[in-house]
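Student: Letter by letter, the chains look like this.
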Amino acid sequence: MAVPILKQGQTLIASIQAALTDTDLLELRDALLEQVGRYRSRGVIVDVTALDVMDSFSTRTLRDVAHMTRLRGAQTIIVGIQPEVAFAMAQFGLTLEGVPTKLDLEEGLDYLAGTAKPGSDG
Amino acid sequence: MGEGVRVEQESKVRVETEADIVLARQQGRAIARDLGFTLGNATLIATAISELARNIVQYATRGEVILKRIENGSQKGLVVIARDEGPGINDVRRAMEDGFSTSGRLGLGLPGVRRLMDEFNIHSEVGKGTTVTASMWKS
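Just so you know, the protein sequences line up as chains V and E, in that order. The numbering of the first sequence is the numbering used here, which starts it at 4 and goes up by one. The numbering of the second sequence is the numbering used here, which starts it at 111 and goes up by one.
Excised from the complex, chain E in its bound form (with noise of 0.2 Å):
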C-alpha cells in the first residue's frame, strides 16, 4: 500500500480454532463482494484468508485475520491482515519458495497466497509473531 491509501472500515476475526478458519474466509467473501469484487476475485480474497487463518491455528494456535476496506483515489481494494503472537517463521525467504511451501505436511502456502493477491508483504520475528499483510484492488 502506497501514500494515499485511505483506510474506511474494519473488521477482525478471532482465529483460534478449525471454524474460525471457515468464519474469517466467509466474512472475507462478504466483504469483499460487498465492495463489489467479482465472485471470482472474491473466491481468491477467501482462498487466500483461509490458507492464512490455517497457519495460524496449526503454526501459532491463535492469531486474527483483520479485513479492512482501502481506497486510492478512485480506487477501492481489500487489505487481509493476518496476525499471530506465535514461534515466527525462521527462514522467510525458504517459506517463500514453492517447493518448500506447497509440498509436504509443512507447508505454508505463502507462495499461493502471494500469487491469489495483489500486494503481498510478510514480517516475521523468531519467538515474537508473524503478520502477513495482503491485498487486492478492485479492477
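Next up, chain V with everything else stripped away, as it sits in the complex (with noise of 0.2 Å):
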C-alpha cells in the first residue's frame, strides 16, 4: 500500500493511511528521501496517527527517514503517535531520539513555518 505524499511549498507531507507492512515503510522512506531531492524540500512531516502498532522495526525506519533527508537538508517530523501507540513505545523501549515529534500535523506545520524563520535557531 503506497503512501500518499503531498507537497506543500517546501514540506512534504507523508500522510500514513492504514496498517502498513515493512516493504509499505521502506518505500515510503526510499520514495520521501528521492522527492527531497526532487522538489527541493526543507522539511518532511510524516503523520502516523493511522498506524496500530510502532515497533522495533517502523520506528528504525522512521530514525532512518529523519537521518537519510537530515544528511539532504530536510528536517523530518513524526506527528500522530497516539496515546496507546506511546505507551507501547515506552514499555517496549523504543525511542526516536533526535527526531522531532509534534502531537499533530498542524502542530508539526507550525513547527516547521517556526524553524523556517530567518534568525531563529531551529
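These are computed hints drawn from the structure, not numbers from a lab. Keep in mind that a hint or two might mislead.
Stated by the list, open to error - Below, a sample of chain E positions facing chain V; criterion: calculated Cβ distance under 10 Å:
1) 127
2) 129
3) 150
4) 158
5) 159
6) 161
7) 205
8) 206
9) 208
10) 221
11) 223
Stated by the list, open to error - Have a look at the derived ranges for each label pair, beta carbon to beta carbon:
12) E:184 x V:74: 53 to 59 Å
13) V:75 x E:185: 48 to 54 Å
14) E:225 x V:20: 25 to 31 Å
15) V:106 x E:121: 53 to 59 Å
16) V:53 x E:249: 23 to 29 Å
17) V:53 x E:202: 33 to 39 Å
18) V:43 x E:122: 47 to 53 Å
19) V:73 x E:202: 24 to 30 Å
20) V:53 x E:235: 37 to 43 Å
21) V:101 x E:150: 21 to 27 Å
22) E:204 x V:53: 32 to 38 Å
23) V:67 x E:197: 24 to 30 Å
24) V:101 x E:129: 27 to 33 Å
Please read all numbers here as calculations on a predicted model, not as lab measurements. Cβ atoms here follow ideal geometry from the backbone N, Cα and C, with glycine treated the same way.
Two chains, two frames, a set of hints: combine them into the complex.
Tutor: Below is the structure:
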C-alpha cells in the first residue's frame, strides 16, 4: 500500500492511511528521500495517526528517514503518535531519539514554519 | 502459566509473509479488545506479536502465531505463542540481552517483548526451532 505524499510549499507531507507492512515502510523511506531532492524540500512531516503499532522495525525506519533526509538538508518531523502507541513504545523501550515529534499535523506545520524563519535557532 | 489455568479458545495465524505480520497483530489486538483489555494493553499485545511474527519471517521463513484466551479462577488473560521450525537461537541468554537484541539489524527485540507482557518464556533448539510463549493477564 503506497503512502500518499503531498507537497505543500517546501514541505512534504506523508500521511499514513492504514497499517503498513515492512516493505511499505521502506518504500515510503525511499520515496521521501527521492522527493526531498526532486522538490528541494526543507521539511518532511510523517503523519502516523493511522499506525496501529510502532514496533522496532517501524521506529528504526522512521529514525532512518529523519537521518537520511537530514543529510539531504531537510528536517523530518513525526506527528500523530497515538497515546496507546506511545504507551507501548515506552514500555518496549523504543525511542525516536533526535527526531522531533509533534501532537498532530497542525503542530508539525507550525513547528516547521517557526524553524524556517530567518534568524530562528531551528 | 501456573496450575489451574484453563484454556478457552484458540486462534491460529500462519506466518510466512510480511502481510501475515500485520494480520497476526491485528487479530491479537481484536481478541484482546474482545476480552476486555484496555486499548493500551491491547496495543502492548499487538506490538509484542508484531515483533515475534517478524522474527519468524526473518529468521525461520515460516511458522505460526497462536492466540489463546486463558482463565485462572476469576482472572482472564491472553497467551501468545509464536512457533517456528527455523534454525533456532544459538545463545538464548545473549538474545535476551538488551544491547544484543535491540541494536543493529540483527536484533530480535525479545527483551522488549518481555517488557511488554506479564509472563515470557522462550524455548529454542538449534536446528529444530523456537517457541516463544508470552501472556498478559487482564488487570
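Student: Name the hints, by number, that the structure is in violation of.
Tutor: 7, 8, 15, 19
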